[in-house]
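Chains as they are written, first to last, in my numbering: chain B, 1 to 293; chain Z, 1 to 329.
These are calculated hints, taken from the structure and not from any lab test.
Please note that the accuracy of each hint is not assured.
From chain Z, some residues computed to sit far from chain B (all C-beta separations above 10 angstroms) [claimed, not checked]:
#, residue
1, Leu100
2, Asp215
3, Pro303
4, Leu315
With a straight-line cut-off of 20 angstroms between C-alpha atoms, the simulated SDA-like cross-links for lysine to any residue are [as the list claims (entries may be wrong)]:
#, chain 1, residue 1, chain 2, residue 2
5, B, Lys163, B, Arg40
6, B, Lys212, Z, Lys272
7, B, Lys75, Z, Ser30
8, Z, Lys272, Z, Leu104
9, B, Lys212, Z, Val103
10, B, Lys212, Z, Leu104
11, B, Lys212, B, Lys163
12, B, Lys212, Z, Ala15
Per the computed footprint, the stretches of chain B lying under chain Z, defined by three or more beta-carbons under 8 angstroms from a beta-carbon of chain Z, are [unchecked claim]:
#, stretch
13, 101 to 114
14, 281 to 287
Just so it is clear, CB atoms sit at the ideal spot from N, CA and C, and this is done for glycine as well.
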Amino acid sequence: MKRWLGLLLLLVAAVPCAMAAAEVVDDRGQRSRWADPPQRIVSLLPSVTESVCALGACDRLVGVDDYSNWPPQAKALPHVGGLEDANVERIVALRPQVVLLSRSARVSERLEALGLRVLAFEPDSLADLQRVLAQLGVLLGREAQAQALWREMNDGVERAAAKLPPAARGLRVYFEVASTPYAASESSFIGQLLARLGAANVVPGALGPFPKLNPEFVVKANPQLIMLGDRNTVPLATRPGWQGIDAIRRERICVFTPAQGDVLVRPGPRMPEAAQLMADCLARKSAGEGAAR
Amino acid sequence: MNRAGRISLVAGAMAALSLALLLLGLAIGSTGFEPVRLGGSDPVAWQIVWDIRLPRTVGAWMAGMLLGLGGALAQGLFRNPLADPYLLGSASGATLGVSLLLVLIGAVPAAGTLGLRLGMTGAAFVGAVLAVLITLAMARGVQQTLRLLLAGVVVSMVLGAAASLVVLWVPDIMRAMQAFMLGSTAFLGWPAVAVMAGALLLSLVPAVVLSRALDALTLGEASAASLGLAMPWVRAALIAALALATGAAVAQVGLVAFIGLVAPHLVRALVKSTHGALVLLASLMGGLLLLAADVLARWLLAPQELPVGVLTALLGGGYLLWLMNRGSR
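Please build the complete structure, drawing on both the sequences and the hints.
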């Protein structure tokens with residue numbers, strides 16, 4: 001009797017395992033079932049490339065987009081064009097079992113018509129990032145690692161925040177993504193990281209994650225600190241009216257290198273590094289201020 | 001040689017060149033000649049040749065023919081050698097349609113599935129046709145050429161501005177929009193080829209049948225009417241053909257520059273003919289040009305690719321300039 005019960009238990013436990021095709025929901029809301037984790041993957045998004053590698057599945061990538069440059073392993077993979085000018089022929093020739101790309105990519109229609117499986121992931125906020133990591137974990141059969149990675153990333157952000165001197169908190173910050181100017185608002189992942197570092201974003205989340213601003217808006221908001229990439233090289237003080245902005249008068253401006261910019265604007269596993277970059281900027285600029293006083 | 005002989009010679013030469021380029025198009029791509037050599041023995045190689053290279057090559061040819069035809073029709077209808085097929089606002093209408101679709105996909109995932117079903121090509125086609133209809137409404141029909149021309153310019157401007165506004169508000173779609181505006185033949189599949197073949201047939205037939213009206217129009221509106229042609233209907237049919245040809249091409253390959261403008265000019269430089277032969281020859285020339293540009297785009301920087309629209313603008317513009325200078329001497 002006991003033996004039978006054991007066998008029954010074994011069956012009950014084994015059946016779901018055998019049937020447990022992983023179900024993945026992508027950012028288009030499409031559900032797909034995966035009997036086995038895909039072993040040949042093409043990623044067309046740098047942030048997703050980084051996440052796949054952070055989940056220990058870098059060796060399953062067979063091709064990436066032209067902008068995927070981290071980790072170094074990914075850099076060595078075949079590059080198949082950008083997201084909008086992806087090379088269909090090269091992707092097909094790589095025989096991928098799944099292609100990871102963003103929601104609006106035109107290439108997805110074409111790839112699906114050619115019989116390839118496509119998943120769209122496009123994180124805007126930290127909540128999006130958590131969801132995308134979890135779904136990637138399901139897809140790759142690495143759910144536990146995905147959870148651990150998310151915890152680790154958050155701990156990293158907390159550590160960066162904890163080390164900040166009190167003087168660096170509460171600064172009103174303006175984070176410029178592009179010089180047109182486009183900003184990272186409170187509702188973007190960049191804005192949310194800034195908030196966790198105790199900074200106040202001058203661009204409210206209601207405007208959308210990356211709104212296009214009137215330069216006047218920034219003048220009126222009068223940020224105490226400005227962060228931007230060094231591609232936005234138009235000297236800030238020469239913008240009409242900007243010389244009166246607090247951050248510019250006191251030279252509290254952090255200019256990030258392109259490599260640092262990649263870390264900051266990609267919602268992926270290097271989030272703690274991004275938080276540390278911003279924390280360093282906050283600490284450095286507020287300290288300089290203290291010394292000047 | 002008489003005129004008819006010269007026309008058939010030019011047509012034959014263009015067809016032969018097109019055929020040669022079609023074959024070349026099968027052999028060129030980022031994975032090189034390898035897939036052709038492997039042929040049927042390898043399913044992926046087979047797919048690359050038959051489902052990627054062939055529809056894309058044939059598709060580029062079809063889209064070029066549509067644009068060449070559109071150009072010949074527009075220049076005949078408006079009696080203006082600078083007219084191009086986008087004149088009635090179809091290009092900016094398509095741009096606006098695509099930008100709205102991209103915003104929809106990005107903003108509401110639920111609407112995204114609907115948007116995906118319509119697709120970029122569907123949105124572009126709807127936008128192009130709506131723009132032409134608005135132009136016709138503003139011009140109060142098809143009767144007055146000048147009114148139509150002005151309405152087309154105004155609609156182009158306004159819809160173009162609206163599209164820019166959408167891109168400005170939702171910068172996420174900027175890269176996708178830029179790709180559309182440059183034009184690309186990279187994503188053409190068999191369904192696209194079928195759609196364009198249908199559109200080509202539907203617009204080429206009225207264009208050829210009604211070409212005598214275009215000949216009459218060269219003498220002026222009044223003369224054309226006095227020749228006993230039912231101008232309102234003829235004009236409406238030709239504008240419908242123009243809108244269909246342009247809309248179908250724009251929807252599938254985006255805003256490919258210059259083909260429609262240049263193709264009729266090149267034909268006129270080669271041979272003097274009536275509009276009946278001109279619309280056919282301009283279609284062939286357009287097809288030849290875009291086909292050549294597509295093959296070049298794949299070959300110049302292989303395994304990378306150039307956007308085909310950039311190439312057509314450079315080559316078409318450069319050649320037209322050379323032609324103009326040669327003519328003035």
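Here is how each hint holds up against the structure:
no.: 1; hint: Leu100; in the structure: holds (12 angstroms)
no.: 2; hint: Asp215; in the structure: holds (41 angstroms)
no.: 3; hint: Pro303; in the structure: violated (7 angstroms)
no.: 4; hint: Leu315; in the structure: holds (19 angstroms)
no.: 5; hint: Lys163(B) - Arg40(B); in the structure: violated (41 angstroms)
no.: 6; hint: Lys212(B) - Lys272(Z); in the structure: violated (53 angstroms)
no.: 7; hint: Lys75(B) - Ser30(Z); in the structure: holds (19 angstroms)
no.: 8; hint: Lys272(Z) - Leu104(Z); in the structure: violated (49 angstroms)
no.: 9; hint: Lys212(B) - Val103(Z); in the structure: holds (15 angstroms)
no.: 10; hint: Lys212(B) - Leu104(Z); in the structure: holds (18 angstroms)
no.: 11; hint: Lys212(B) - Lys163(B); in the structure: violated (33 angstroms)
no.: 12; hint: Lys212(B) - Ala15(Z); in the structure: violated (50 angstroms)
no.: 13; hint: 101 to 114; in the structure: holds (count 9)
no.: 14; hint: 281 to 287; in the structure: violated (count 0)
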